[in-house]
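> Residue-level listing of the chains:
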Amino acid sequence: MANFDQELDASGLNCPLPILRAKKTLAGMEAGQTLRIVATDPGSVKDFEAFAKQTGNELLESGEEGGKFVFMIKKA
Amino acid sequence: MAEQKKMAIIATKGTLDWAYPPFILASTAAALGYEVQIFWTFYGLQCLKKDLKLQVTSLGNPGMPMPMPMPVLIQALPGMQGMMTSMMKAKMKKKGVASVEELRELCVEADVKMVACQMTVDLFEMNPSDFIDGVEFGGAATFFEFAGEADITLYI
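Protein chains in written order, with my numbering: chain Y, 724 to 799; chain P, 5 to 160.
In short, the hints are calculated from the structure, not lab data. Positions of the beta carbon are idealized from the N, C-alpha and C atoms, including for glycine. Among the hints, a few may not be true.
As the list claims (entries may be wrong) - Some but not every residue of chain Y turned toward chain P, in silico, with C-beta under 10 Å:
(1) Phe727
(2) Gly735
(3) Leu736
(4) Leu740
(5) Ile742
(6) Leu743
(7) Ala745
(8) Lys769
(9) Asp770
(10) Ala773
(11) Gln777
(12) Thr778
(13) Gly779
Could you build all of it, start to finish, from the sequences and the hints given here?
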């Protein structure tokens, strides 16, 4: 498993909460640090792509693990 | 960095279900870096009250999914609206959908500007002290001042 600086468990949360929580967590992190996000909302897959594209934070990974969606975002 | 994008919303509805679109879109846009302003007019002003009493009804809304088929006259019975509201809230909680209060709080935290339509406040003799802090009051011209420069403008 890749390294990360912080982790956010957004399991059980629905749109738009995973994105909003991620944004809040990223705000407290340093540029270049990575955030691992775990979510159960299937809509979050496309939403995190769109979030990364629009905010400039890089989506390093997007995948599934044990029935949950896992994202790795590097803060710009 | 490019100039900050802007989104303007006119929110006109005061039911539990229709309180969601403006708050969801505003909080998400703010998270994406937009500057957001919501102009609350007519029934939308209910969404600005400190003590939210938003309700949902299936009356006049045949698109609302019901747990069982129910004739309209039954839907109109006293107590049905309260029951539907409780059921909707319970369902949302179970599905991990944020409450309106929570989404509104996130909007306020993200500096989404709330403008209350002065004309409607006067028309319905609403008390500005019933509204959450930070609400500004204005009219159509106030809306256009911001919307005229907005990248996205929505009427909800």
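> Each hint needs a verdict: does it hold in this structure or not?
Verification of the supplied hints:
1. Among the interface hints, the one on Phe727/Y is violated; its C-beta lies about 20 Å from the nearest C-beta in chain P, farther than the 10 Å criterion.
2. For the restraint placing Gly735/Y at the interface with chain P, the shortest Cβ-Cβ distance is roughly 5 Å, inside the 10 Å limit, so the hint holds.
3. Restraint check, Leu736/Y versus chain P: the minimum CB separation of about 5 Å is within 10 Å; hint holds.
4. Given hint, Leu740/Y at the interface with chain P, holds; its Cβ is 5 Å from that chain's nearest Cβ, closer than 10 Å.
5. Hint on Ile742/Y holds. Least Cβ distance to chain P is approximately 6 Å, under the 10 Å limit.
6. Hint on Leu743/Y holds. Least Cβ distance to chain P is approximately 5 Å, under the 10 Å limit.
7. For Ala745/Y, the suggested interface contact is upheld, since its CB lies about 8 Å from the closest CB of chain P, less than 10 Å.
8. With a cut of 10 Å, the hint placing Lys769/Y at the interface with chain P is violated, because the nearest CB-to-CB distance is about 13 Å.
9. Proximity of Asp770/Y to chain P holds as hinted, the smallest CB-CB distance being about 9 Å (cut-off 10 Å).
10. Given the 10 Å rule on beta carbons, the hint for Ala773/Y holds: about 8 Å separates it from the nearest Cβ of chain P.
11. Interface restraint check for Gln777/Y: the shortest CB-CB distance to chain P comes to about 5 Å, inside 10 Å, so the restraint holds.
12. A distance limit of 10 Å between C-beta atoms decides the matter here; for Thr778/Y the minimum to chain P is near 6 Å, and the interface restraint holds.
13. Below 10 Å, beta-carbon pairs count as interface contacts, and Gly779/Y has one with chain P at about 9 Å; its hint therefore holds.
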